[in-house]
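**Student:** Got chain S sorted already, so can you dock chains L and Z onto it with the hints?
Residue numbers (the working numbering), protein chains in the order written: chain S, 1 to 139; chain L, 1 to 125; chain Z, 1 to 787.
Note that these hints are calculated values from the structure, not bench results. Values in this document were obtained by computation on a predicted structure and should not be read as measured data. Don't take every hint at face value.
Stated by the list, open to error - Which chain Z residues face chain S? A few, computed with CB under 10 angstroms, are given here:
| hint | residue |
| --- | --- |
| 1 | Ala-653 |
| 2 | Phe-657 |
| 3 | Met-658 |
| 4 | Leu-662 |
| 5 | Val-665 |
| 6 | Leu-669 |
| 7 | Val-670 |
| 8 | Leu-674 |
| 9 | Val-735 |
| 10 | Val-737 |
| 11 | Asp-741 |
| 12 | Gly-744 |
| 13 | Thr-745 |
| 14 | Glu-750 |
| 15 | Leu-759 |
| 16 | Arg-766 |
Glycine residues also receive a C-beta, built at the ideal position from the N, C-alpha and C atoms.
For reference, the chains in residue letters:
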Amino acid sequence: MRSLILRTVAPLIVGLMVLFSIFVLLRGHNEPGGGFIGGLIAVAALSIYGIAFGVETVRRAIVFHPLSIAGAGLLLATLSGLLSMVFHVPFMTGLWVYPVILGEEVPLSSVMTFDIGVYLVVVGAVTSVALSLEERGED
Amino acid sequence: MEPVFALLTGIFLTIAIYLMMSKFIIRMLIGVAILGNAVNLLIFTSGRIMREVPPVIGPGLDVPAGPVANPLPQALILTAIVISFSFFAFLLVLSWRAYSTLGTDNTDEMRVAEPDDAPLPPLGY
Amino acid sequence: MSVADLTFLALLSPFLGAIVAPLLTRILGHNAAWVLALVPVAIFLHFTGFSAEIARGEVVTGGYAWLPSFNVSFSWLVDGLSLTFILLISGIGALIVLYSGGYLKGHPHQGRFFSFLLMFMGSMLGLVASDSFLMLFVFWELTSITSFLLIGFDHQREAARRAALQALVVTGGGGLLLLAGLILLWNISGINQFSLLTAFAPQVKASPFYLAALILVLGGAFTKSAQFPFHFWLPNAMEAPTPVSAYLHSATMVKAGVYLVMRLYPVMGGTAEWQIILPVFGGATLVIGALLAVRQTDLKLMLAYTTVSSLGLLVLLTGFGAPYAIEAAALYLVAHSLFKGALFMVAGCIDHETGTRDVTRLGGLRSAMPLTFAIALASAASMGGLPPFFGFLAKEEVYTALSAFDGRAITFAALVVVGNALMFSAAFAVALKPFIGKRVETPKAAHEAPVLLWLGPAVLALAGLAAAFLSGTVHTLISSPMASAIAGEARAVAISLEPHVGMPLMLSVLTVVLGIGFYLGLARLRAGIAAVLAAIGWGPDRGFDQVMRGLVRLSSAVTRRLQNGRLDTYMTATFALLAVVLIAPPFLYGELARAPVFPQDIPLHELAIMAIAVIGLVAVVLAQDRLTAIVSLGIQGFSVAVIFLLYGAPDLAFTQFMIETLAVVILALVMTRLKLSPSDRRPLRETLPDAAIALACGLGATLLLLKVTEAPFDTTLSDFFNHYAKTIAHGANVVNVIIVDFRGTDTLGEIAVVMIAALAILSLVRLRAGSLRRIADNDPDAEEASR
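Next comes chain S alone, as it looks inside the complex (with noise of 0.2 angstroms):
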């Protein structure tokens, strides 16, 4: 589909969604989201983007292969687990920390890395599928 309008917006609509997709990653723990939801939205903007420009460009935009995307967030989510083995508490236990940022104090759990494991894979996975079922629709 090259059709030059989308094609003129589709930029846009891509950085846009995908900043919510993260905003609504992050906000997940105390509003509606998380990282299914935001792993979604991300995978609806890529693909509007390959609609507009093609499997190939999406590729190159993305950088890493899909599934590596993917299997990284099951990497982050798993080490999120083992860390609360090094301070001797059960798998999976939730740690925090609130460091302070530019003098705002800002919550950081292993709770929040496990989430973005999640978002990981979702986007990782899906657009794989979606990607190479749309390649094989090009030739």
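**Tutor:** Leaving out everything else, chains L and Z in the frame of chain S:
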């Protein structure tokens, strides 16, 4: 509200199962997709229905201010949605592959693994 | 190391030997036999150490707890009966290992053969040493399996494969009967150890399940010991290399059934059933085996059928129930192992040196193989019951047991005399015919067998002679303890070579005279039996083939019916069952939901969205073209999302929106690529039953939900999550806290599943068309050829 949901779930399940008993893979796939929704509704209903109040704790509070929707079925369904999508996608690609290899989406004609005229197993020793 | 540990090690050592045998044979060649024979020799010496205790009438027991909660132990019992068996197994085993070294010299799989042989030895030792029922059963089936491996050793011949399978099916199947019988005994007495069972003999005999237990146990014993009509597997087992025939199929394994009958004699023996079933089957086996033996011309087959016959005699004696019968059985069992093992090895020597074992193509070998001839004669004399050999003592004792003047004794005495006379003629047909007369051309130029081949039979033949002269010592150490163990009370065997005139001697003479007559008229006898068999035309051996073929046909017919390869059949069956499971129980148990109360105040927009969902569903079913179906699928999906949103589940709603969008997109992506036939509608005769089943499932789910939701809701879990989400897990969105924190490990598993699904999809998409076509052919040969 639950009786209405019970009825709705029954309708979803009926349609899903009817489609899954088709001979044609695409219809079965659509049936599988609907079955996912039917089961999600089943879980949702079993956890009781509560209108409009999401299980989110308001700022400055430690527990929800009033009664809220049951969070547990929601957590179960959320992951179930993503997983059933993964399987739906897998089944879809699988049937597409089967179609492009065998040239049919009629399961009666997909007889590679269990051919109609399979010979008897060897009778000797 | 205690004696118990040493005994355990002795029982284990054949299996250890089996592990090193292939490697040892690769290094030492056939001379590995000399090393491997040390294993049975060591076992023999270890258990000889118990003989003084056993002779005093004591028993040696020991063991370890195995399944303490079921009161099952790994425990052994060494008394006169098992000691005799252990000494025979290990003693003859050592000779057989040496013999195999010579017999299979240069065979590419000699190491494997040694390995199987030692495994068998270990299983057989375990069988006769077992005290607990389950241990006996395990070893019993292990002997069947190792026997299968040994018979099928030459697996490239179909006859060997068939014989191996037949032996496994018959003896392994019998083993299952035995298991059932032992469990019955266990149930009756509450005891699962032979050493403790004897005390419960009256209880067992009085039990209403006695006959059932007896028949089941005898089913195991008779199949293992080749009693008529299960005798057919034993001659076929002669497809095995000769050392196996000599060891398993004459001296040891086939006696396992006899062993079992003897072991259970104090518990189950002496009843009317026992004294009818055993002698009748034993007597029939004795005569039929002997008749079939003289009919054969193959040396090994003749010996095999006489083995069947001898086993019949042993069963007959164990069940006969007269004075001296048990003593006779004990003596005959030992004598038979000695002479039959030797004769088999002699037959193997002849086969090995001349290239044939057809008695009509052999003759005049006495000058070429004088030593073999001497061994053969000595063994045959023992088998024929001639003095001064141990077989003579055994036969005298047999006739002593049978010489009474009632109808039963006279009938069985006549049977035994005829059977023994036939065996006599068969013995000399094997031991005399090939050696005397004119020299006949044989496939190989005959000369004396090498030491490894003649050592074994020579030792056994000499043992048969020595045992007769040293009968006092043998009786003290072996025969009397064994007879006492079988009888369950002290028995003393006294028979010796000293002349004693009486009924038994007369019967012996009669047997020899008859036997010489049969020997002289062997050709005519053979023709006569062949004619009778031809007239019958059917035997259990052919019946076995028919049963096996019938089994294959039946199972493929059943499979084809149940698994017809049609997906919609499976689906229909599955959902029909689901409908039954959902609908039937509430009606059966009267747990139907009350009539539901539908709320009257549902806002219009909620009803509307539900109606849209239902319309979407109906549209999916009714859609004529696929694009409509896909769009309708999207409609119902989005309606569900809205429902989630309206009922307090925004997380679900957003996820559902995204997923439904993606699902519709990829469905459309794939569908546009399929060139599907325009019409995929079901005919009405399929639609109606399908719709009925689907409706039943839907109705069932509705009823279930109504019933579930009318019960008061247990809020424990929800309260827990609501209370602690903020205070412990520092999150306000309870759903998200559950997903990433409370139930984080579940989520970890779930994202792993998503990842795996993506991997699977990617590999399916990336498959090249060519590789798929190869799978589609489903023909391994074609695949092989195309490489």
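**Student:** Does the nearest C-beta of chain S fall within a distance shorter than 10 angstroms of the C-beta of Asp-741 (chain Z)?
**Tutor:** holds, 5 angstroms
**Student:** With 10 angstroms as the cut and Cβ atoms as the points, is Leu-669 (chain Z) at the interface with chain S?
**Tutor:** With a minimum Cβ separation of about 5 angstroms from chain S (threshold 10 angstroms), the hint on Leu-669 (chain Z) holds.
**Student:** Close enough to count: is the Cβ of Val-665 (chain Z) nearer than 10 angstroms to one in chain S?
**Tutor:** holds, 7 angstroms
**Student:** Go through the hint on Leu-662 (chain Z) and say holds or violated, using the shortest Cβ distance to chain S against 10 angstroms.
**Tutor:** holds, 7 angstroms
**Student:** Let's test the interface hint: is any C-beta of chain S closer than 10 angstroms to that of Leu-674 (chain Z)?
**Tutor:** violated, 12 angstroms
**Student:** Against chain S, run the beta carbon of Arg-766 (chain Z) and see if the smallest gap drops under 10 angstroms.
**Tutor:** holds, 7 angstroms
**Student:** Per the CB criterion, is Glu-750 (chain Z) less than 10 angstroms away from chain S?
**Tutor:** Holds, because the Cβ-Cβ distance from Glu-750 (chain Z) to chain S comes to roughly 9 angstroms (cut-off 10 angstroms).
**Student:** Against chain S, run the beta carbon of Met-658 (chain Z) and see if the smallest gap drops under 10 angstroms.
**Tutor:** Met-658 (chain Z) check passes; min Cβ-Cβ to chain S is 4 angstroms, inside 10 angstroms.
**Student:** For the hint on Val-670 (chain Z), just tell me whether its beta-carbon gets within less than 10 angstroms of chain S.
**Tutor:** Constraint on Val-670 (chain Z) satisfied, holds at 7 angstroms.
**Student:** Under the criterion of a CB-CB separation shorter than 10 angstroms, is Gly-744 (chain Z) in contact with chain S as hinted?
**Tutor:** holds, 4 angstroms
**Student:** With 10 angstroms as the cut and Cβ atoms as the points, is Val-737 (chain Z) at the interface with chain S?
**Tutor:** holds, 7 angstroms
**Student:** Let me know if the C-beta of Ala-653 (chain Z) comes in closer than 10 angstroms to any C-beta of chain S, holds or violated.
**Tutor:** holds, 8 angstroms
Checked against the numbered hints above, the structure breaks only hint 8 and satisfies the rest.
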